[in-house]
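A.B. asks: Residues per chain, in single letters:
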Amino acid sequence: MNIITREMKANLKSLIIWSIGVLFMVGAGMGKYAGMGGSGETMNELMAEMPDSLQAIMGTAGFDLSKALGFYGLLYLYLIVMATIHAVMLGANIIAKEELDKTVEFLLVKPISRVKVISFKLVAALLNVFVVNLVTLVSSIIIVGRSAEGEKVVGDIVLLMVGMFCLQIIFLVIGTAIAAVYKNAKKAGAISTGILLITFLLAIIINLDQRLEALRYITPFKYFEAESILNTSGLDPVFLGLSLIIVVVLTFTTYHYYKKKDLHL
Amino acid sequence: MNVIEINRLTKMYGKSRGITDVSFSVEEGEIFGFIGPNGAGKSTTIRLLLSLIYPTSGSATIFGKDVVKFAPEIKKEIGYLPSEVFYYDNMKVIDLLKYSASFYKKDCTKRITELAEVMELDLTKKIDDLSLGNKKKVGIVQGLLHEPKLIILDEPTSGLDPLMQQRFFDLLEKENQKGATILFSSHILSEVQRLCDRVAIIKDGAIVQVEKISELKQNNYKKFKIETVLPLSGDYFEMPGVNQLEVKGTTTSFIFRGDINTVMQKVSTVEIANLWVEEPDLEEIFMHFYQREE
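Residue numbers (UniProt numbering), protein chains in the order written: chain A, 1 to 265; chain B, 1 to 294.
Check before you lean on any hint, since a few could be wrong.
Output of the computed footprint for chain B on chain A, the stretches with three or more beta carbons under 8 Å from beta carbons of chain B [to be verified]: (1) 1-14; (2) 102-111; (3) 227-234.
To list a few chain A residues with every Cβ distance to chain B over 12 Å, as calculated [claimed, not checked]: (4) VAL131; (5) ILE218; (6) LYS222.
In silico DSS-like links for lysine-lysine, alpha-carbon gap of 30 Å or less [as the list claims (entries may be wrong)]: (7) B:LYS15 x A:LYS183; (8) B:LYS76 x A:LYS183; (9) A:LYS259 x B:LYS105; (10) B:LYS212 x A:LYS102.
Quick caveat, the hints were computed from the structure, so don't treat them as lab data.
Note that CB positions come from ideal geometry on N, CA and C, so glycine has one too.
The following block holds chain B by itself, in its conformation from the complex:
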């Protein structure tokens, strides 16, 4: 079953682009990564899902229900952590969390203390006095206190120190094991790589690719580095499937996707001094998506 289904979702801000024709779906129980550079449309997509803004065209469903029509109902089971957390002034952490809990028809007191303990959050402090990282912790507790079935995270780790980040990821994995589906938006690949099963890559408001992390990493891509005896002309390896071609003197490097034989044949026609063929890390694959259309 798909928890989130996005169907040709488009949002225009007047004439300027928000997102265009975004389609993907998130299956129940998976941790789905949503990556792209700043301004690519990640937050826009998430805000559309939460019906904070409304689509220009296209539609989306969560738990099989239209996000616009059934917004209040759907949100009972959604926990959301915004990229920047803003709260009402002059409230204590515990008051804010209780206020947040009051919107859900269940008792969350125990859960609040549990979460606060894990995240080392002082509930008696005033929110105004908290550091950015601690505000983020309030956001995390606030987003998880009602044990949502779908957790939506928009750049959740900014401001958290590595230790807390680790605790937070553990927390997410625990929720995931209990059955929660997670949509995780980020521009930091390593965290997505660590946590997610599948990933959608967004660039300039459009989805470039949806792929399994494992496939993205293993199957298709190879990183080549070739040292030749004589310097090669810059376009010697210019062929379909080759990306990020770089020639520096006798050293040539590129990322290749496709039938490996075609490259090997090409390699065999020059005299080589050394050869490396490696698995590219996600970052490098990712760069390939960003650069492709430039």
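Same shape as in the complex, but just chain A:
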């Protein structure tokens, strides 16, 4: 328990900053929608005239931008990028920082097993990403709700946030696993964010070229896209299952490697 409290305190500042960040993103993003006024249809036409590739890169394909929720779907892409960057960095850092700050000699000479240390840290990290998710959820419901004229948005936003939470956990454990596996703690953060960037770019490349559809299983950014969540029946059970498998495997990896790791200073 003491480790969880310690971690919550240590991460409080960063949590507040990220929360303000997503809040600002939702506010400013939806502010743009409100600013368009009734010109939503024109916006749709404008978008439609853009080359497909540009649409793919901006992630605008398939959204009805004249609707608040459609516009929010566009914004969702940027929200998940923010939330996953937070998660992956938090995951890598929460494990690696004891080695980086050389506090392993403090923590791991205490009568506590490494398994417990990891468990407490994972709980603290989960609480952190949960708060970011909750802030996004609440601010989205309020801000999108205000722009929506009679549209029902809450259900869809909740679904989107469940998807985002899955992605957050996936990237959180990508971070912890890398920090546990890599001998050099300094590189853990860089490698983790590198993986995030690569999977994100891969998702865009898949959007550009339909022939690469098969690769969508490799990049989590293709698992819960706003387009399919909003336009069809919600979260895809295949990808939910796949997410679960990834999270279980990477959590196991984190424990397994950290247990055996030589902690260097």
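Starting from the known structure of chain A, arrange chain B on it as the hints suggest.
C.D. replies: Same frame as chain A, now just chain B:
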């Protein structure tokens, strides 16, 4: 009973050496010195004992329990002071000590204030603002606050001024009298000499010798300085047991270990102007261990 038992402990960092085949044991209630130059493997051995790193081969037990398998259990009774202390940023001294205490299932509040008083440590300061010496004091309090049965110290005196060093040694002696066993690693001989009962000397990752301080100092070694009438050839005293042979004109000096008669016979065959036979201090004996294989 042996509190620490190290059995052919070996640690390789990839292909580079950590320690090889280290074996020694520390008895209950003793203050055991662990000396060697920087990079000899003292910290590696200690980190293996604390299972911060894991052995390539060999094993070690503390309180009769394997250090890897029973790590969390063993650590209830271990207090550790690292050579360099690093703490979480942005914490007050008292918060850090309370955090440290929260891992042990006993109330350490009284003990914290006691120790802080002895070491003249301001508990309300932020750790970031502390000097190196004061950080070290935090480490000392932190290592002793749960009244451990085994105290492991890795170069504990660096950064402490002589007065505090004295207080710290007094503190250790008090803990020792109460029954605590102490493993004291250092490269400074005088402090080991003062405090320890026995000492293990480590060099290049291997134990060179384990000996009682008293034996190391008294029994075997003699420091010879001989002034002869005529200059001697450089290798005149080259014989088994002679170390650190130095010839400067008519003055010859060396450290001798072995049957004193053999040297005396050799001395008697030259005409001498003056002769000193002294107890070498530990430093000089120590040099002998370092130089032997070179």
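A.B. asks: Run every hint past the structure and note whether it holds.
C.D. replies: Now the hints, each set against the structure:
1. 1-14: holds (count 3)
2. 102-111: holds (count 9)
3. 227-234: violated (count 0)
4. VAL131: Its Cβ never comes within 12 Å of chain B, the nearest being 20 Å, so this holds.
5. ILE218: holds, 32 Å
6. LYS222: holds, 39 Å
7. B:LYS15 x A:LYS183: Since the Cα atoms of B:LYS15 and A:LYS183 sit roughly 15 Å apart, the hinted pair holds (cutoff 30 Å).
8. B:LYS76 x A:LYS183: holds, 28 Å
9. A:LYS259 x B:LYS105: holds, 24 Å
10. B:LYS212 x A:LYS102: Answer violated: B:LYS212 to A:LYS102 is near 35 Å, above 30 Å.
This entry does not satisfy hints 3, 10, going by the numbered hints stated previously.
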